[in-house]
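Trainee: Residue strings, one per chain:
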Amino acid sequence: MPDLIATLLISLLKAVLVVLGLLTTFAYMTLIERRLLGRMQLRPGPNRVGPMGLLQPAADAIKSIFKEDLTVTLADKLVYTLAPIIAIGMALTAFGGIPAGPAGSLFGENPWVYNLDTGILALLALTSMGVYGIFLGGWASGSKYPMLGALRSSAQMISYELGMGLSILGLLMIVGTTSFHGLVAWQAQNGVMLLFQSLGFALFLISSFAEVNRTPFDLPEAEQEIVAGYLTEYSAIKWALFQMAEYVNMITASAVMATLFFGGWKGPQVLNALIPGISDWPLIWLILKIAFFLFLFIWVRATLPRLRYDQLMRFGWKLLLPLALANTVMTAAFLAFRGAGGLWFLGVLSLAGLLALLIMSDRVRVLWNQPTVRPPEDRDLVRAGGD
Amino acid sequence: MERGADPERRPTIEYANFVIMLLVALGIGIVAVLASALLGPKKGSRTKLMAYESGNDPERGGVGTGQRFPVHFYLVAMLFIIFDIETAFFYPLAVAYQKLIPFAFFEAITFVLLLLVGYVYVLKKKVLEWA
Numbered sequence: 000m001p002d003l004i005a006t007l008l009i010s011l012l013k014a015v016l017v018v019l020g021l022l023t024t025f026a027y028m029t030l031i032e033r034r035l036l037g038r039m040q041l042r043p044g045p046n047r048v049g050p051m052g053l054l055q056p057a058a059d060a061i062k063s064i065f066k067e068d069l070t071v072t073l074a075d076k077l078v079y080t081l082a083p084i085i086a087i088g089m090a091l092t093a094f095g096g097i098p099a100g101p102a103g104s105l106f107g108e109n110p111w112v113y114n115l116d117t118g119i120l121a122l123l124a125l126t127s128m129g130v131y132g133i134f135l136g137g138w139a140s141g142s143k144y145p146m147l148g149a150l151r152s153s154a155q156m157i158s159y160e161l162g163m164g165l166s167i168l169g170l171l172m173i174v175g176t177t178s179f180h181g182l183v184a185w186q187a188q189n190g191v192m193l194l195f196q197s198l199g200f201a202l203f204l205i206s207s208f209a210e211v212n213r214t215p216f217d218l219p220e221a222e223q224e225i226v227a228g229y230l231t232e233y234s235a236i237k238w239a240l241f242q243m244a245e246y247v248n249m250i251t252a253s254a255v256m257a258t259l260f261f262g263g264w265k266g267p268q269v270l271n272a273l274i275p276g277i278s279d280w281p282l283i284w285l286i287l288k289i290a291f292f293l294f295l296f297i298w299v300r301a302t303l304p305r306l307r308y309d310q311l312m313r314f315g316w317k318l319l320l321p322l323a324l325a326n327t328v329m330t331a332a333f334l335a336f337r338g339a340g341g342l343w344f345l346g347v348l349s350l351a352g353l354l355a356l357l358i359m360s361d362r363v364r365v366l367w368n369q370p371t372v373r374p375p376e377d378r379d380l381v382r383a384g385g386d
Numbered sequence: 000m001e002r003g004a005d006p007e008r009r010p011t012i013e014y015a016n017f018v019i020m021l022l023v024a025l026g027i028g029i030v031a032v033l034a035s036a037l038l039g040p041k042k043g044s045r046t047k048l049m050a051y052e053s054g055n056d057p058e059r060g061g062v063g064t065g066q067r068f069p070v071h072f073y074l075v076a077m078l079f080i081i082f083d084i085e086t087a088f089f090y091p092l093a094v095a096y097q098k099l100i101p102f103a104f105f106e107a108i109t110f111v112l113l114l115l116v117g118y119v120y121v122l123k124k125k126v127l128e129w130a
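Chains as they are written, first to last, in numbering that gives the first Met the number 0: chain A, 0 to 386; chain B, 0 to 130.
It is worth saying that the hints were derived from the structure and are not from the lab. Using N, Cα and C, we set each Cβ at its ideal position, and we do this for glycine too. Be a bit skeptical, because a hint or two may be false.
Cut-off 25 angstroms, straight-line C-alpha distance, at most; resulting in silico cross-link-like pairs (DMTMM-like, lysine to aspartate or glutamate) [unchecked claim]:
(1) B/42 <-> B/52
(2) B/42 <-> A/67
(3) A/62 <-> A/108
(4) B/42 <-> A/217
(5) A/317 <-> A/361
(6) A/317 <-> B/85
(7) B/125 <-> A/67
(8) A/143 <-> A/217
(9) A/317 <-> B/83
(10) A/317 <-> A/217
(11) B/41 <-> B/52
(12) A/66 <-> B/83
(13) B/123 <-> B/83
(14) B/47 <-> A/309
(15) B/123 <-> A/67
(16) B/123 <-> A/75
(17) B/41 <-> A/32
(18) A/143 <-> A/67
For the chain A half of the interface with chain B, some residues (derived, Cβ under 8 angstroms), not all of them [said to hold, decoys possible]:
(19) 49
(20) 50
(21) 65
(22) 91
(23) 161
(24) 313
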């Protein structure tokens with residue numbers, strides 16, 4: 000029994016460490032994002048509070064705690080308070096299952112908090128729960144703009160969650176397990192999954208951009224369109240909690256992409272020839288991969304304009320979903336009738352699929368951008384009887 | 000595969016770890032909200048606590064605000080439920096796929112085709128057309 004208690008206490012310690020680590024990363028992510036956006040727009044970004052602006056996150060955090068916490072008269076008090084807690088809770092919990100190194104590499108302990116056999120399913124379930132936070136927050140605000148933003152965001156998030164769930168089916172078929180550890184072990188032996196599932200990866204990447212509400216899919220908080228969406232009536236720490244949830248989701252999405260498609264905490268096996276055991280160095284590789292994806296998130300934010308809502312839904316339902324199914328069927332057919340070619344043949348097939356995605360999304364874009372309101376000359380035609 | 004990596008692993012413990020993680024994560028949120036409630040100023044006034052309506056006095060209001068919304072959201076949610084169930088059926092099939100070849104392949108194809116019929120029907124009905 001004392002053994003059990005010790006195990007649980009260690010888990011508790013690890014959970015607290017993960018949470019604090021994520022919160023620190025979130026704080027510095029905001030700074031890095033602002034500085035990087037600044038660099039991309041040829042301006043310095045925050046550089047006054049502390050050296051290189053390093054104390055800016057601390058200043059922001061202190062400010063948001065000491066701000067007045069307003070609750071609109073018409074709001075549902077309980078749900079209004081619970082919503083940000085749900086959002087941050089689910090976001091933080093999702094990260095705990097990511098393995099950050101080989102077993103026992105964290106001072107003799109395992110570098111993960113929990114290791115479920117159904118790791119991916121638990122992750123998808125937690126992302127679904129994240130939708131509750133956003134929708135309940137918008138609904139309980141007792142105001143129209145948050146309600147609209149919440150409706151839009153929940154529709155968007157569930158649509159892309161579908162694409163997310165379907166785009167990893169091919170990967171699951173190849174590996175045959177839903178645990179992150181099995182995936183990492185498989186990739187260490189057979190090469191990174193990106194090679195064999197490039198189409199699946201592209202679909203997963205796009206879906207995760209929509210899942211974490213980042214540009215070009217950040218309609219839920221489209222500040223130029225509907226104020227700030229579900230965030231409109233939130234102030235002080237509750238607003239900060241929602242922001243935190245968004246950034247933590249971003250970090251988790253990066254870690255998941257690194258684990259599923261980029262070999263997880265294992266480094267490139269080729270380097271082992273140069274320095275023996277370099278691919279097993281704990282934490283470094285995972286952090287590098289996460290940092291790469293986080294940079295990608297910021298880069299895309301500085302590059303792409305936001306989609307219109309109908310474009311977004313069309314993209315999700317009419318392109319992402321069928322292509323994810325096609326990817327699944329393609330992988331299934333390959334595994335069932337594989338000829339002489341090894342897995343590399345699947346890689347070629349997948350690349351062809353990726354190319355098809357690029358061409359199709361360009362083709363379909365022309366269709367999408369057709370305005371629904373007819374231009375005047377068209378209306379004249381209709382009046383004259385010809386359509 | 001991962002059992003070999005850690006032979007002493009007990010599945011129930013992992014679920015306990017999951018619950019611990021969940022509680023710690025929710026706890027952080029609760030602590031933050033409480034800290035802000037204790038430390039922040041409390042000077043609400045009627046105008047300050049009004050809902051934001053671009054400067055107008057909100058006419059109707061309250062939870063849900065009682066307005067009508069496009070049925071599209073409802074349809075999308077229904078479609079999500081259907082396709083999510085499809086995904087839920089697919090996961091076990093995907094995990095056990097390599098052991099069930101080639102039977103599982105035709106099984107999966109049949110299932111996907113049945114769903115595609117529904118999908119095409121939805122497309123033709125223009126449920127997925129917005130605006």
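Trainee: Decide, hint by hint, whether the structure agrees.
Mentor: Going down the list of hints, with the structure as the test:
{"no.": "1", "hint": "B/42 <-> B/52", "in the structure": "holds, 21 angstroms"}
{"no.": "2", "hint": "B/42 <-> A/67", "in the structure": "holds, 8 angstroms"}
{"no.": "3", "hint": "A/62 <-> A/108", "in the structure": "violated, 37 angstroms"}
{"no.": "4", "hint": "B/42 <-> A/217", "in the structure": "violated, 33 angstroms"}
{"no.": "5", "hint": "A/317 <-> A/361", "in the structure": "holds, 14 angstroms"}
{"no.": "6", "hint": "A/317 <-> B/85", "in the structure": "holds, 17 angstroms"}
{"no.": "7", "hint": "B/125 <-> A/67", "in the structure": "violated, 47 angstroms"}
{"no.": "8", "hint": "A/143 <-> A/217", "in the structure": "holds, 19 angstroms"}
{"no.": "9", "hint": "A/317 <-> B/83", "in the structure": "holds, 16 angstroms"}
{"no.": "10", "hint": "A/317 <-> A/217", "in the structure": "holds, 19 angstroms"}
{"no.": "11", "hint": "B/41 <-> B/52", "in the structure": "holds, 23 angstroms"}
{"no.": "12", "hint": "A/66 <-> B/83", "in the structure": "violated, 41 angstroms"}
{"no.": "13", "hint": "B/123 <-> B/83", "in the structure": "holds, 21 angstroms"}
{"no.": "14", "hint": "B/47 <-> A/309", "in the structure": "violated, 35 angstroms"}
{"no.": "15", "hint": "B/123 <-> A/67", "in the structure": "violated, 51 angstroms"}
{"no.": "16", "hint": "B/123 <-> A/75", "in the structure": "violated, 40 angstroms"}
{"no.": "17", "hint": "B/41 <-> A/32", "in the structure": "violated, 32 angstroms"}
{"no.": "18", "hint": "A/143 <-> A/67", "in the structure": "holds, 22 angstroms"}
{"no.": "19", "hint": "49", "in the structure": "violated, 22 angstroms"}
{"no.": "20", "hint": "50", "in the structure": "violated, 27 angstroms"}
{"no.": "21", "hint": "65", "in the structure": "holds, 6 angstroms"}
{"no.": "22", "hint": "91", "in the structure": "holds, 4 angstroms"}
{"no.": "23", "hint": "161", "in the structure": "holds, 5 angstroms"}
{"no.": "24", "hint": "313", "in the structure": "holds, 7 angstroms"}
Checked against the numbered hints given earlier, this structure breaks hints 3, 4, 7, 12, 14, 15, 16, 17, 19 and 20; the rest are met.
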